[in-house]
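Let the sequences and hints guide you as you build the complete structure.
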Amino acid sequence: MAESVYKVIELVGTSEESWEKAATAAVNRAGQTLRDLRVAEIAELDMQLVDGKVSAYRAKVKVSFKYEE
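For the record, in the sequence shown the residue sitting at position 12 is 12 according to this note's numbering, with numbers rising by one throughout.
Hints may be right or wrong, so weigh each one.
[What the hints assert, rightly or not] Calculated cross-link-like contacts (lysine to any residue; reagent style SDA-like; alpha-carbon spacing at most 20 Å):
# : residue 1 : residue 2
1 : Lys60     : Arg29
2 : Lys66     : Leu11
3 : Lys7      : Val63
4 : Lys66     : Asp36
5 : Lys21     : Lys62
[Stated by the list, open to error] Estimated spans, in silico, between C-beta atoms of each pair:
#  : residue 1 : residue 2 : range
6  : Val50     : Ala2      : 42 to 52 Å
7  : Gly31     : Gly52     : 33 to 43 Å
8  : Lys66     : Lys21     : 19 to 29 Å
9  : Thr24     : Asp51     : 25 to 35 Å
10 : Glu3      : Leu49     : 37 to 47 Å
11 : Val8      : Asp46     : 13 to 23 Å
12 : Glu69     : Met47     : 39 to 49 Å
FYI, nobody ran anything at the bench for these hints, they're computed from the structure.
Just so it is clear, CB atoms sit at the ideal spot from N, CA and C, and this is done for glycine as well.
Written out as structure tokens, the structure is:
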């Protein structure tokens, strides 16, 4: 098997509904401009608060894709 090289980037997705939808939004957006996505890893979850209430869920996602020659 030939050696491969992958690039890892960090994205933050947001959703007013859930962390799952926030992470999915980040991966879906990355897929629009990057080819050959390989792995997505949830690095961190947090919430945006307004007046003491949750206004958005945020997921920091590490996405890897294969480097092309």
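Here is what the structure says about each hint:
no., hint, in the structure
1, Lys60 to Arg29, "13 Å, holds"
2, Lys66 to Leu11, "17 Å, holds"
3, Lys7 to Val63, "8 Å, holds"
4, Lys66 to Asp36, "6 Å, holds"
5, Lys21 to Lys62, "15 Å, holds"
6, Val50 to Ala2: 42 to 52 Å, "50 Å, holds"
7, Gly31 to Gly52: 33 to 43 Å, "35 Å, holds"
8, Lys66 to Lys21: 19 to 29 Å, "26 Å, holds"
9, Thr24 to Asp51: 25 to 35 Å, "27 Å, holds"
10, Glu3 to Leu49: 37 to 47 Å, "46 Å, holds"
11, Val8 to Asp46: 13 to 23 Å, "20 Å, holds"
12, Glu69 to Met47: 39 to 49 Å, "42 Å, holds"
Checked against the numbered hints listed earlier, the structure breaks none of them; every hint is satisfied.
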